[in-house]
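Asker: Need the complex rebuilt from these two chains, each delivered in its own frame; the hints are there to steer you.
Spelled out from the first residue to the last, the chains are:
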Amino acid sequence: MKKVSRFLPHLAIAMLLGLMVITVLDGYNPLMAFLTSQTSKIYIFIACILGIVCCCMLIARQRVRRKRQR
Amino acid sequence: MTDENTRSARQSADDWEELRPRRRRTSVRRTPVPLLVLQDILLTGLVLVVFALFHHVIPRMTADSRPVPTPTAIRSTDGTDQPTTAVDTPAVESAAPVATPEPTVDPMDWRSKFADKFTDTIVQTDSSYTSPNIAITIDKVTLTDTYTSICYVADIYVADLNCFQTYWANGRYSYYGYQSPLGLARDSGGLLTINGDYADNQQSGFLVRNGELYYSDATSRDICVLYYDGTMETYDGGRYSVDEILAREPYQSWKFGPALLNDDGSAKSSFNTSNEISWENPRSALGYYEPGHYCFVVVDGRQSFSRGLTMRELADFFASLGCKAAYNMDGGASAVMTFDQRIVNSPSNGGRDSGDILLIRETGEG
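Going down the list, the protein sequences come from chains A and B. So in the working numbering, spot 63 of the first sequence is number 63, and the numbers just go up one at a time. Basically the working numbering = 1-based index in the second sequence + 70.
Just chain B, with the same shape it has in the complex (with noise of 0.2 angstroms):
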């Protein structure tokens, strides 16, 4: 009896001896659930800071420092065909494109062809311009399906494709360079202006602007192409090759995309985006009727008078417009048309500064 009572003491002591450190252990060491959760929310902004710094803040603090490719020009100044070679690595510090070329396509062409829109004296309206080069009509569509979005589609003909240019944020390419759609549109002489697509954040792709090859890699974003004699076309992404392109002398090339119309004007029933940027947004694009005849589409968006486009509605849109081709440009807040230096729709949140636009100028000649 008192061993079974000897023996049943030491069990149970050697119960509670096993038992006691794991209740210390678990009382001291376990920390709160929500506390673990909060502290992981915690580092996981602390992650995300650092992730901005690398990736965002500190290129932009640095981009002026930072080498830019030399520009090859497409084709040299006398109008004769230059070769031309892919502009890979980045070489030459800060070299701006040299001199905008003189494109050599006839344009009394065009303006023989365009005469009933030209005119032989400037004669300027609040939404139109006319001279002997240009003429531009600005109308505004509102588009009632089931919400209400407003468009502004600028209708342009050139007599000489020189007028349709593009121009760089504070006049030279460089990485994150940015500045107001009006500054732009000053410094530019740009008489009617809509923001570009955002190529100077990205050191990759296939760019030429005003004539003049910064890169030559094709990649799998949708690209468009403004050629010298005026045509433009737009390219699937990855099914395009560079070297024909470049042998067919490209004026513009532009890769933010998508591209919106098939071969034969439709519209496309899916676009090479992704569904965020499908859905409905203030629109920047532009379209191509024929040789000399263009259009800028801006779509004002986010606001309660105005929804903004989805991206097939957009391609619709164009196809209604009955053009051949239409590329999308940076939209969002970016979307703005300016016209004369003054700024034609409604920007989503007052608009933002742009790193390159799209411009129609008079060239000083005719």
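If we strip away everything but chain A, and leave its shape as in the complex, we get (with noise of 0.2 angstroms):
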């Protein structure tokens, strides 16, 4: 599980990554559908969902040193 945890911030910066790649191919050549096709849209959607993973992630973690602190 703590393995999954630190690999998923990595996994979300290089799909994010990517997405930005891919939107500025899409750019070039609309017609290749880089932001429109079935296969985009599953992309950004986990992509999506990992970026909200891993700020849950990050919040839960705020809040646990903010106790220890208390």
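To be clear, the hints were calculated from the coordinates, so they are not data collected in a lab. None of these values were measured; they are calculated from a predicted model. Glycine residues also receive a C-beta, built at the ideal position from the N, C-alpha and C atoms. Among these hints, one or two may not hold up.
Covered by chain B, according to a simulated footprint, are these stretches of chain A (three or more residues, beta-carbon under 8 angstroms) [what the hints assert, rightly or not]:
(1) 8-21
(2) 31-40
With the C-beta cut set under 10 angstroms, the calculated list includes, among others, these residues of chain B facing chain A [unchecked claim]:
(3) 112
(4) 115
(5) 118
(6) 125
(7) 131
(8) 182
(9) 184
(10) 268
(11) 291
(12) 326
Answerer: Here you go:
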């Protein structure tokens, strides 16, 4: 579990960097449907889920740290 | 004194105990930042490879086995109107267009109207072709504003709309079907061809080819429609009614875009496409003067002798030609014009395979 929680932020960074690349490519060739294909929609959905999970993990850690400080 | 010494010794020991595990932990777990960045970049590359596999590679590999829509004839072959229905979902496997419908517009109208353009016999040179049905003249135009751009303008008169056709790679509509420009020209029998609009990689939009309806969805992209009466109109994305277009009996439609001219024939100042596509590039485009009179334009680009045109420059060029409507096709390395089975322009990177072409050919009549 610890390994997964350590890996998730990196995966989120990679997927979001990838999304930036795909967005740039879509500008050059919109007919390739880099942002509108079914695969892209799934990709964006997974990236969103990952982002939310990472944020939740960060918030949880911050809460625990604050509790300890008190 | 002794108590104080003992207390301070205990305190320092506690401090040491508190510090020791932290030092150990950090020294073992901390990874150098450059290595972390490198790891993330490599992971990004891996993610993109997986994305490309599912987005592009697998769909291409399985393209032949995927169902394609059954085209519906806009007009029946005897020329009577036929009700058209939307083809939203692909239904039958590998259905190819059955037959080229015969446009019912009286060809004699255009033949007499453009009588001075046609000849009784076929007269052909390196850059022109005239016959009882077709008159083509290809001009090389060098635009030298700040940069040099070489354009090839094929001025086209047809006596019969059936001389103006489109052709799918390998003779049938399929996802990601590709063929070389000369192969397409040879197989289609096209005398004059330019690349099409890359329509075979999208399973939506509004698509009519040679009088057969493949898809009837309105999208946000500009479309271009050539009707059976020979008129050609461009429509801004999201501002057209598919039903109204179908009621007017479309013969061909394209969905790459954008539209280049306003309704009054002046150049548009903004275009319904991305900035990257609007920058200077090799171009391929279709222009319309009046029913029976069209032009194909191909612009060389990304080369030392020809920079290519921005979308605005291309629109200005069509306005200067006097076209009433003009529409941009797939550009870049795809921009290829062939005439009499030879490539006319100098395509960027030697050109590339296309999924469809626009062509002018003899109909065997007249």
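Asker: Enumerate the violated hints, using their earlier numbering and listing them in ascending order.
Answerer: 7, 8 and 9
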